[in-house]
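Assemble the whole structure, with the sequences as input and the hints as a guide.
Residue-level listing of the chains:
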Amino acid sequence: MTTATASVDTQPVRAGAFRLAVAAEATKLRTVRSTMWALGATLVATIGIGSLIAMARVSRWDRLSLREQIRFDAPAASLRGIFLAQLVLGVLGVLVISSEFATGMIRTTFTAMPRRGTVLAAKALVFAIVAFVVAFAGCLVAFAIGQSIFAQKHAGVSLSAPGAFRAVLGGAVYLTAVGLLGLALGTVLRRTAGAIATLFGLLLIVPLLVGSLPDPWGTDISKFLPGDAGRALFTVQHQSDLLSPAGGLLVLAAWVIGGLLVAGLVLRRRDA
Amino acid sequence: MIVAEGLTKRYGDVVAVDDLSFSVPPGRVTGFLGPNGAGKTTTMRMLLGLARPTGGFIETNGRPYLDHAAPMREVGALLDAGAVHPGRRARDHLRWLARSNAIPLRRVDEVLVAVGLESVAGKRIGTFSLGMNQRLGIAAALLGDPGVLVFDEPVNGLDPEGIVWIRSLFRGLAQEGRTVFVSSHLMSEMALTADHVIVIGRGRLLADSPMTELTNRPAGAVLVRTPAPDQLAVLLSADGATVDVAEDRALTVTGMGAPEIGAAAHRYGIVLHELTPQHASLEEAFFELTGDSVEYHAALPNAADPGATDSKVTA
Chain A
1 MTTATASVDT QPVRAGAFRL AVAAEATKLR TVRSTMWALG ATLVATIGIG
51 SLIAMARVSR WDRLSLREQI RFDAPAASLR GIFLAQLVLG VLGVLVISSE
101 FATGMIRTTF TAMPRRGTVL AAKALVFAIV AFVVAFAGCL VAFAIGQSIF
151 AQKHAGVSLS APGAFRAVLG GAVYLTAVGL LGLALGTVLR RTAGAIATLF
201 GLLLIVPLLV GSLPDPWGTD ISKFLPGDAG RALFTVQHQS DLLSPAGGLL
251 VLAAWVIGGL LVAGLVLRRR DA
Chain C
1 MIVAEGLTKR YGDVVAVDDL SFSVPPGRVT GFLGPNGAGK TTTMRMLLGL
51 ARPTGGFIET NGRPYLDHAA PMREVGALLD AGAVHPGRRA RDHLRWLARS
101 NAIPLRRVDE VLVAVGLESV AGKRIGTFSL GMNQRLGIAA ALLGDPGVLV
151 FDEPVNGLDP EGIVWIRSLF RGLAQEGRTV FVSSHLMSEM ALTADHVIVI
201 GRGRLLADSP MTELTNRPAG AVLVRTPAPD QLAVLLSADG ATVDVAEDRA
251 LTVTGMGAPE IGAAAHRYGI VLHELTPQHA SLEEAFFELT GDSVEYHAAL
301 PNAADPGATD SKVTA
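Those protein sequences? They're chains A and C, same order as listed. The first sequence: position 227 = 227 (this note's numbering), numbered continuously. The second sequence: position 216 = 216 (this note's numbering), numbered continuously.
Among the hints, a few may not be true.
[Said to hold, decoys possible] Straight-line Cα separation of at most 20 Å, SDA-like style, residue types lysine to any residue; simulated pairs: (1) Lys123(C) x Arg30(A); (2) Lys123(C) x Thr31(A); (3) Lys123(C) x Thr103(A); (4) Lys223(A) x Leu209(A); (5) Lys123(C) x Thr35(A); (6) Lys123(C) x Ser34(A); (7) Lys123(C) x Val32(A); (8) Lys123(C) x Ala102(C).
If you are wondering where the hints come from, they were derived from the structure by calculation, not from laboratory data.
Take a look at the structure:
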């Protein structure tokens, strides 16, 4: 029934279909309030919580051993807000698609854009850009505030210090990746609550369970979970239980790409 | 033009759509009728590429929906007016739709005016009534100025004014040479809207015929009102007709045409107040067609007996 010529005919237009889908998804993301709230909360978490944790660190500084003071990871310590911000961006990533399943909007979306893989790719790209920009801004400000707090104890570093900029960038990359994992989970599970619970479990509970395994298994497996893989990106001081930054990036990318591929397959196969 | 050929959809053991073949030509309003659960919505979902046929195919303008590069310019659809994000403003909803199909943004304001929602375009959809949602869904269907329009139960939630409006909208769209395919379980509504009907029950095609053919089949009965019903009933029975006397003293005469009844009454000197040949209402025709295909029968007495329904519905 599908004639070969028909699919050839549509090819030039289909090349533009991704661009159109990106424009549509960008409009969608911009025009619901939950986006602005989530992005605002991401900034509050990275900057606000990051600063509070930095201040707490400084107040206990004199009680640290010399070894601990030398091994102090100033960039990572200023980016602690990430642990809260990841939950916020993760929820937003889930909502990007689960809200469409919940309201039935997904059918309107697929009627307008029947190429479901294209829709998912467009959602991922739009979300990734927005999340990364906000997360990067948040990490940069948190880094600056954190270092100025640490400077009271002469423990602050500048952005040009070895690994410092990479840590800020890495924090933003990690936050974006968690959001994309949320998008993948939201696509596969379709339910907001279920996808959020699964994501939080993967980020918060699974590491605890794995960590309780007898060593060396515990750390060997933990390294490859998204949380620890991401931590390798914004940690500057070498830690034996983490992968290298490049290794962490690879593992994190594998999680995200793998998750989105599965999501794409599921999305195309199921009736909407 | 919509064409379905051997269209089949199975969900496990349940056959929702069973070897359905029909075509919907442009230039007229085609009704798609069937009881709840007959497979109307499933058929429309397959038409829009939302569900995959188990067998056969359904195409618009010679192509499966998935092969249309900008489908909203070919096919405008209103399937479920609730399938919108309640937090988004009406205009923004139409804007993302326009962007997704490279439709100029000025069309957004045009269709908002066309459906009468221009004054609430900046309101969040969650604040809309059912009828406003329905109008927004129709605006979305019209957005790409498509040649094929598909509406699933469009009159749901519309007020009387809206229903009159939507009827003339469908007429107008058909007169412009578009294909208009409208599903409903409200036979009376179809009688006023559609030129042609496709009737399905349990996923199977039951009828595919002009509306007039369904409604104008004489039922062979004549309704007679007279101040002397008992007298006339006896006399007509003696002349070989079968006469039923209803509670309101109206006579239903079969086996004798209206002219013969009128002539007999004149002969006997009996005054007539009404003499009406009965056409099968669309509802009756519908019950006749779908009688054993209704999936859930109500356990009410006479529910399945069309004669018992006090039908106020006429074409």
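>> Let me make sure I understand: some of the numbered hints might not hold for this structure. Which ones are they, in numerical order?
In response: Violated hint (a single one): 8; every other hint is consistent with the structure.
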